[in-house]
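Using my numbering, the first residue of the sequence shown is number 1, and each one after it goes up by one.
Worth double-checking, as some hints may not be accurate.
Per label pair, the in silico range of CB-to-CB distance [said to hold, decoys possible]:
1. Glu189 <-> Gly81: 26 to 36 Å
2. Ala416 <-> Tyr295: 24 to 34 Å
3. Ile302 <-> Pro379: 25 to 35 Å
4. Ser10 <-> Arg190: 35 to 45 Å
5. Pro379 <-> Leu93: 20 to 30 Å
Source of the hints: derived by calculation from the structure; they are not laboratory data. Ideal Cβ positions, reconstructed from N, Cα and C, are used throughout, including at glycine.
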Amino acid sequence: MPRNVFPLDSTKTFTDQQLTGHNRWHPDIPAQVHVKPGDTFRVDCREWFDGAIHNDDSADDILNAPLAGVHVLSGPIAVEGAQPGDLLIVDILDVGPIPQEDSGPLAGQGWGYTGVFATRNGGGFLTEQFPDAYKVIWDFQGGTATSRHVPGVSFTGIVHPGLMGTAPSPELLGRWNAREQALIDTDPERVPPLALPPNPDSAILGSLTGADFDRAAAEAARTAPPRENGGNQDIKNLTKGSRVFYPVFVEGANLSMGDLHFSQGDGEITFCGAIEMGGFIDLHVDVIKGGMATYGVSENAIFVPGNTDPQYSEWIAFSGTSVTLDGEQRYLDSHLSYQRACLHAIDYLTNFGYSPIQAYMILGAAPIEGRLSGVVDIPNSCSTVYLPTGIFDFDVKPGKNGPHRIDPGQGVPHSAA
């Protein structure tokens, strides 16, 4: 096993660990670990809510989830010799649930969860159709996920970090805050909000203290969206065997990571939409000097996916166009067309006995493929959702004898705001 440079004790909270990570982006957060180019090492990661979500049949914990405290990230990890303008090479050698802990109260100990947030807490991709809080528990065995809340489904996980990135420079952080505040100002009372401004409440900034902490907490960017440094990209194929090239904006690069997922569909459409868990990630790092200019990667990471994804060979696909549910035509709105494709898939699955929320949870957690299939034919963009048929315990394709009807069981725990 590689040397564990950021160990975590599952019995302790994030801030009670030997090393304290962070839950905001800021260039002044000190590195907790230093490694060298060519090093291989392990990093433990807490579940993104730091144990606030429980293995039970209630969604109250999702309704009241401490959103101001996410994401709890392991790091920063400084790489010796990395300078602004370089590219940081990060190889994901392995990633998985908490090792040797297949039973326990913390997500990653043999189980994980998928949630839908209430609209007031950010909602999800389909928040107008599903405005309340919901939760599904998934059990892991032999790399396969099953759920008591969504019967008749099992699939192999594509384990990956939902969030990994380098620290921003002061200038880059300033641009983030300015542009996101300008967006908020266009509709400051919107629910859910258009963006999340800096918020000192529940900020964790590694070993910063005193006046330095107060100043940084007022400036630091929330970790919810992806940005030029990588961050919360939620790319399901960023898994074992992947190589990522991150832009370096500060000395040492200051790499951080967390928000591990056992599985996820393209888009993480329920927002808390992957199978969330704690676990570990094994990494190898190196540096390409001057790589940002050499390869024209001035912002946003590029990556080479690994080749360990489950190999599903048969799919059933659903399409959608940029027309609203009430018939309004939108111009090449790919976001809307993907929503419509997802809604068509949900409607289809209800014919087999699933409730709409069970079908929604399947799309969020299972390894669906989402594609932009047409973006040039005005006025309609076309998006498609590919659902692997092999994840079901029955034939989910249309047939002359009609759809097989499953027993939906106890259903998905629900908590209304």
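Okay, the hints, checked on the actual structure:
1. Glu189 <-> Gly81: 26 to 36 Å: Violated, at about 48 Å.
2. Ala416 <-> Tyr295: 24 to 34 Å: violated, 50 Å
3. Ile302 <-> Pro379: 25 to 35 Å: The hint (25 to 35 Å, Cβ to Cβ) holds, given that Ile302 and Pro379 are roughly 32 Å apart.
4. Ser10 <-> Arg190: 35 to 45 Å: Holds, at about 38 Å.
5. Pro379 <-> Leu93: 20 to 30 Å: The hinted range 20 to 30 Å is violated for Pro379 and Leu93, with Cβ atoms some 46 Å apart.
This entry does not satisfy hints 1, 2 and 5, going by the numbered hints stated previously.
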